[in-house]
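J.: Fit chain B to the supplied structure of chain A, relying on the hints for placement.
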Amino acid sequence: MRLRGVRRYHWARDVDEALSLLSAYQGKGAFLAGGVDLARSPRTDLEGLIDLTGAGLSYIREDGKGLHLGATATLAEILSSAQAQEYAGGILRETLRLVAYPALRNMATLGGAVVSAHPWADIPTLLVALDAEVLYRNAEGEKRMSLAELYRTDFRRIFRESVLLEVLLPPLPGAFAFEKIGRNAGDIALLNACAGLALEDGRIAWARLSVGARPERGERLPWLEEALVGERPSEALWRKVEEEVRARIEVGSDRRASEAWRREVAGVLVRRALARAAGKAGT
Amino acid sequence: MKIYFELNGKPQYVEVEAGESLLSLLRRLGMKSVKEGCGTGECGTCTVLLEGKPVRSCLTFAPKVQGKRVTTLEGLGTLEDPHPLQRAFVEAGAVQCGFCTPGMILTAYALLQENPDPTPHEVREYLVGNLCRCTGYVKIVDAVLLAAQWKREGQWR
Chain A
1 MRLRGVRRYH
11 WARDVDEALS
21 LLSAYQGKGA
31 FLAGGVDLAR
41 SPRTDLEGLI
51 DLTGAGLSYI
61 REDGKGLHLG
71 ATATLAEILS
81 SAQAQEYAGG
91 ILRETLRLVA
101 YPALRNMATL
111 GGAVVSAHPW
121 ADIPTLLVAL
131 DAEVLYRNAE
141 GEKRMSLAEL
151 YRTDFRRIFR
161 ESVLLEVLLP
171 PLPGAFAFEK
181 IGRNAGDIAL
191 LNACAGLALE
201 DGRIAWARLS
211 VGARPERGER
221 LPWLEEALVG
231 ERPSEALWRK
241 VEEEVRARIE
251 VGSDRRASEA
261 WRREVAGVLV
271 RRALARAAGK
281 AGT
Chain B
284 MKIYFELNGK
294 PQYVEVEAGE
304 SLLSLLRRLG
314 MKSVKEGCGT
324 GECGTCTVLL
334 EGKPVRSCLT
344 FAPKVQGKRV
354 TTLEGLGTLE
364 DPHPLQRAFV
374 EAGAVQCGFC
384 TPGMILTAYA
394 LLQENPDPTP
404 HEVREYLVGN
414 LCRCTGYVKI
424 VDAVLLAAQW
434 KREGQWR
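Residue numbers (my numbering), protein chains in the order written: chain A, 1 to 283; chain B, 284 to 440.
Since the hints were made in silico from the structure, they are not lab data.
Incorrect hints may appear among the rest.
Stated by the list, open to error - With a cut-off of at most 30 angstroms between alpha-carbon atoms, the simulated DSS-like pairs for lysine-lysine come out as follows:
{"#": "1", "chain 1": "B", "residue 1": "K293", "chain 2": "B", "residue 2": "K422"}
{"#": "2", "chain 1": "A", "residue 1": "K28", "chain 2": "B", "residue 2": "K293"}
{"#": "3", "chain 1": "A", "residue 1": "K280", "chain 2": "A", "residue 2": "K240"}
{"#": "4", "chain 1": "B", "residue 1": "K351", "chain 2": "B", "residue 2": "K315"}
{"#": "5", "chain 1": "A", "residue 1": "K28", "chain 2": "B", "residue 2": "K434"}
{"#": "6", "chain 1": "A", "residue 1": "K28", "chain 2": "A", "residue 2": "K143"}
To be verified - Just a few of them, taken from the derived set where beta-carbon distance is under 8 angstroms, the chain A residues facing chain B:
{"#": "7", "residue": "R8"}
{"#": "8", "residue": "Y9"}
{"#": "9", "residue": "V36"}
{"#": "10", "residue": "A39"}
{"#": "11", "residue": "L104"}
{"#": "12", "residue": "K143"}
{"#": "13", "residue": "R160"}
Every residue, glycine too, gets a C-beta built ideally from N, C-alpha and C.
Pulled out of the complex, with its shape left as it was, chain A reads as follows:
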């Protein structure tokens, strides 16, 4: 790997410096954190790289608003963080263990995964199920919005001139489970799913469900979330949901898996995720 044409490498000491360095390059500069995506998609138009890992964005902290994950915290740092472990019954640890392999998790950052937003990635599927919000800054100031909403905008253009500061995970009432199928344990997903459930008096009071790598990026299934509320968790219910997901989910083909395969497996993954989430929520 060699990005030809790159003349300078900068370590931004803070976000303001990163933004002013970027604007000085007039479109020929790029931000990086772990650098794994930039290294894998060699560009020839860049003259300067601006490393954000020293800009004070690697924090993991909790307050009344939720769990704040700095954009340059690595996946390994989140995996080994006690605060992240406690969030929503340990769903961050459960999911991040399935993402790539130790050496890549030592490099890749949460912010990188959010900004790159690969359609097969596990992290967007997880974060939209967790109602994640993002905070970013550009020349106009700071902006906070839900990740699901951000992904409906032209976010790639936004991040050409903005620094992602953090991902905020709000306190949630439910218990979560994540399911993924790849070709092997280190593979990217052929399909992934995340479910969250909260129970009250033996009935589902709150539900979150997302499915990703369809091959499109992970999105929630609001129709299923609504339909689940008020139901009693049971094996029969999960079987019924499996059939409905199979009938209704929007999936497609790519070179890794067919539409028919994804349709079949989406039902299975959602059923498994729901059953495990219900188990954790305490049926």
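T.: Structure of chain B alone, referenced to chain A:
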């Protein structure tokens, strides 16, 4: 641009290109154990330790190691004085063509720093990003478990 870093315990002050990979830098410095397999982070044979933790040198921009410690297989042992992990790989017959071995050993080294008593499953889970096309992995896992046993018995330096 010039960067300063520590390579296998020795200080280095070297010229690098801003867009160059750590893999390319290390091979220029004579660290031929660091190999380019896929060049996209999939195979694991370019693995080195950065501040003691495994990273892919093919996906790491060389300037990133500024001020940091890098360890390659050359820093673990030599032909005359091999590291116990290297001896264990020989003992268990875990080497065939040898191309993946440096990455396997460095990743296993990091595993045993974190977890001195791994189960066979934990070894496989930690080595999932290191591909071997010869052995079928059984003897590699055996070698790591053997080295772990030697470590627990105090046979590591």
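J.: State for each hint whether it applies.
T.: Right, here's what the structure says about each hint:
Note on K293(B) and K422(B): the hinted pairing is violated, with a Cα-Cα distance of about 33 angstroms set against a maximum of 30 angstroms. Taken as a hint, the K28(A) and K293(B) pair is broken in the structure, with Cα atoms around 36 angstroms apart against an allowance of 30 angstroms. Proposed proximity of K280(A) and K240(A) is supported: the alpha carbons are some 20 angstroms apart, at most 30 angstroms. Under the criterion of a C-alpha separation no larger than 30 angstroms, the hint pairing K351(B) with K315(B) is consistent with the structure, at around 20 angstroms.
About 50 angstroms separates the Cα atoms of K28(A) and K434(B), which puts this hinted pair outside 30 angstroms; it is violated. A distance of roughly 24 angstroms separates the Cα atoms of K28(A) and K143(A); the hinted pair therefore holds under the 30 angstroms criterion. For R8(A), the suggested interface contact is upheld, since its CB lies about 5 angstroms from the closest CB of chain B, less than 8 angstroms. With a cut of 8 angstroms, the hint placing Y9(A) at the interface with chain B holds, because the nearest CB-to-CB distance is about 4 angstroms.
The closest approach between the C-beta of V36(A) and any C-beta of chain B is roughly 5 angstroms, which is under the 8 angstroms cut-off, so the hint is satisfied. Of the supplied interface hints, the one on A39(A) holds, with its beta-carbon coming within about 4 angstroms of a beta-carbon of chain B, less than 8 angstroms. Residue-level restraint check for L104(A) holds (minimum Cβ-Cβ distance to chain B is 6 angstroms; threshold 8 angstroms). Proximity of K143(A) to chain B is violated relative to the hint, the smallest CB-CB distance being about 29 angstroms (cut-off 8 angstroms).
Because the closest C-beta pair between R160(A) and chain B is about 19 angstroms apart, greater than 8 angstroms, the hint is violated.
Going down the numbered hints, you'll see the structure goes against 1, 2, 5, 12 and 13, while the others check out.
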